[in-house]
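Number of protein chains: 2
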Amino acid sequence: MKVVGVDVGGTQIKAAVFDLNGNMLKSTRAPTESRLGKERVLSNIVSVIEGLFSEDVAALGVAVASPLDPVEGILYYPPNLPGFGVFNIKSFLEERFGVSVVVDNDANLYAYGEWVRGAGRGAQVLLCVTVGTGIGGGLIHGGNIWHGAHGMGAEFGHITVDPDGPVCNCGNRGCLEAMASSYFLVGYVERRLREGVASRLAPLRGVLEPKLIYEAALEGDTLAHEAFAVVGKNLGVGLSSLINALDPDVVVVGGGLSKAGMILLEPVKKEIYARTLKGIRDRIRVETAVLGEFSAVYGAAYLAIKIIGGDR
Amino acid sequence: MKVVGVDVGGTQIKAAVFDLNGNMLKSTRAPTESRLGKERVLSNIVSVIEGLFSEDVAALGVAVASPLDPVEGILYYPPNLPGFGVFNIKSFLEERFGVSVVVDNDANLYAYGEWVRGAGRGAQVLLCVTVGTGIGGGLIHGGNIWHGAHGMGAEFGHITVDPDGPVCNCGNRGCLEAMASSYFLVGYVERRLREGVASRLAPLRGVLEPKLIYEAALEGDTLAHEAFAVVGKNLGVGLSSLINALDPDVVVVGGGLSKAGMILLEPVKKEIYARTLKGIRDRIRVETAVLGEFSAVYGAAYLAIKIIGGDR
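Chains as they are written, first to last, in the numbering used here: chain A, 1 to 312; chain B, 1 to 312.
Simulated from the structure, these hints should not be mistaken for lab results.
Mixed in with the good hints, there may be bad ones.
Any copy will do: because identical chains look the same in the list, a pair fits if it lies in one copy or spans two.
[Stated by the list, open to error] Under the rule of at most 35 Å between Cα atoms (straight-line distance), these lysine-lysine pairs were calculated in the DSBU-like manner: (1) LYS26 / LYS278; (2) LYS38 / LYS278; (3) LYS233 / LYS38; (4) LYS259 / LYS269; (5) LYS38 / LYS269.
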């Protein structure tokens, strides 16, 4: 028997087929084409799954970047999938493929993947943030995904780091997402360059990307290091609040920006050590994610394996 | 059958006997005498329980202000009970009384009491803060108490409200506890009076208490209102982070300062509405605790009822 894990993002659909031990057998990806509307997106999702499907497949796990009801499998106005409104993707796919389908939020499944087989393996309480253009969160406790009372899950990107900080997309001020995302990183460097700070990044003003800043940091650029230190500090402040509030044993930092490794993680760890309670700070592991951009696909597959009662 | 709930605080031991429907039948209290050392405190706890004990009593629930292992019933260096070090209070009381004993942190049991029979009744996810000299936290999810990975529970008092704020007892800066406790409230008024702000509280400089500030607010004193507004705002910033991170359906504000009712709660609610996610803010209830200073005794008793499998 096998399962298929799918991660439906705003730009890409990623998917893979797994055996019941959780080994990835074959993966694929395709554009979501979200601008072309709901029917096109659904047809793209179906095509991707069909490319991996066989009679052996017993269940599908689906990750979507959306508020959702994980029991019913209903999406509520996924912000990156215009036109979906309220949509039962579980029923849709169960009808189409005739197997059990389990649906959850992509950040939750990213965390779940890291818990089952990544950096958070075996944690009692795993706290995970995905740091990219935005910041997502996932919380795994006793092997269960935290969903909250209304299916909003663990929106760690919207804890307040600085009550008077910059305005966030959500309307609040000083959210973690507004102060530690890759968007913030780039904006910080752009602003410092405008202020006249010397840096090998100066010629790249206007076309900066996190990767270029990371490479400059590797080459010893002071401004690039400063920018990662600021982002790492802000991330550390936010994570410290969450750590004191929830007492996890493992914290996983994932998402695109986590590819910077220790350049990001070192200031994060320093801030966490300074701000967390004595009873916790010496007993906590802070790690970068290891499953890469297929983390949520892994998590979706593991959830599918779980619902059909298979081993991992 | 009956159970006894006990709350061992730094200054007082409170206890009561309950029927299995959770009705309090008789309550009592006695000084903890923590300065007189461990043996004296234990003897005081035993005396209090003996005063309520009978052959009918099938279990004891005990709340202690301490880091602890709730499964084994071991206290780890309770800060307000000098000399206890690492102590198995569960074994001690089981041996002494010959009934099952269940032990948990006082803030956890305060929250649990409010969940079973207080302002948070029936919540899927209940987030509770107790605002007094310090700020405690409790998180109830699906009827279970959140303990974290190391038994530290939900230390909501130590989430960061302002990264550059005043130093907290824990060593961190700008913790909720350092910016929204009754200690902060009094300090705020004292400071404003020193600055020469007019207030009917001026003659009380040096002997101010939260109750006096509350009474002045009731009488329309501008400074007293300002102080509650600042505390309420800070509390609202901290609670907003927790709400976005955990998606509760009910938030209970308890502890001594919650007696101020709407004078405290109004600025809290205003801040929460401004800072929480759209998907949550219209669906959340924010309430003051209703069980009063015996909340943790109720919670301890309900936990005792739960472990013997009784109805509530």
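Status of each hint after checking the structure:
1. LYS26 / LYS278: Classified as neither; 45 Å inside a copy, 39 Å across copies.
2. LYS38 / LYS278: between (50 Å within a copy, 24 Å between copies)
3. LYS233 / LYS38: Neither: 40 Å inside a copy, 42 Å across copies.
4. LYS259 / LYS269: This pair counts as within: shortest intra-copy Cα distance 16 Å, inter-copy 39 Å.
5. LYS38 / LYS269: neither (42 Å within a copy, 38 Å between copies)
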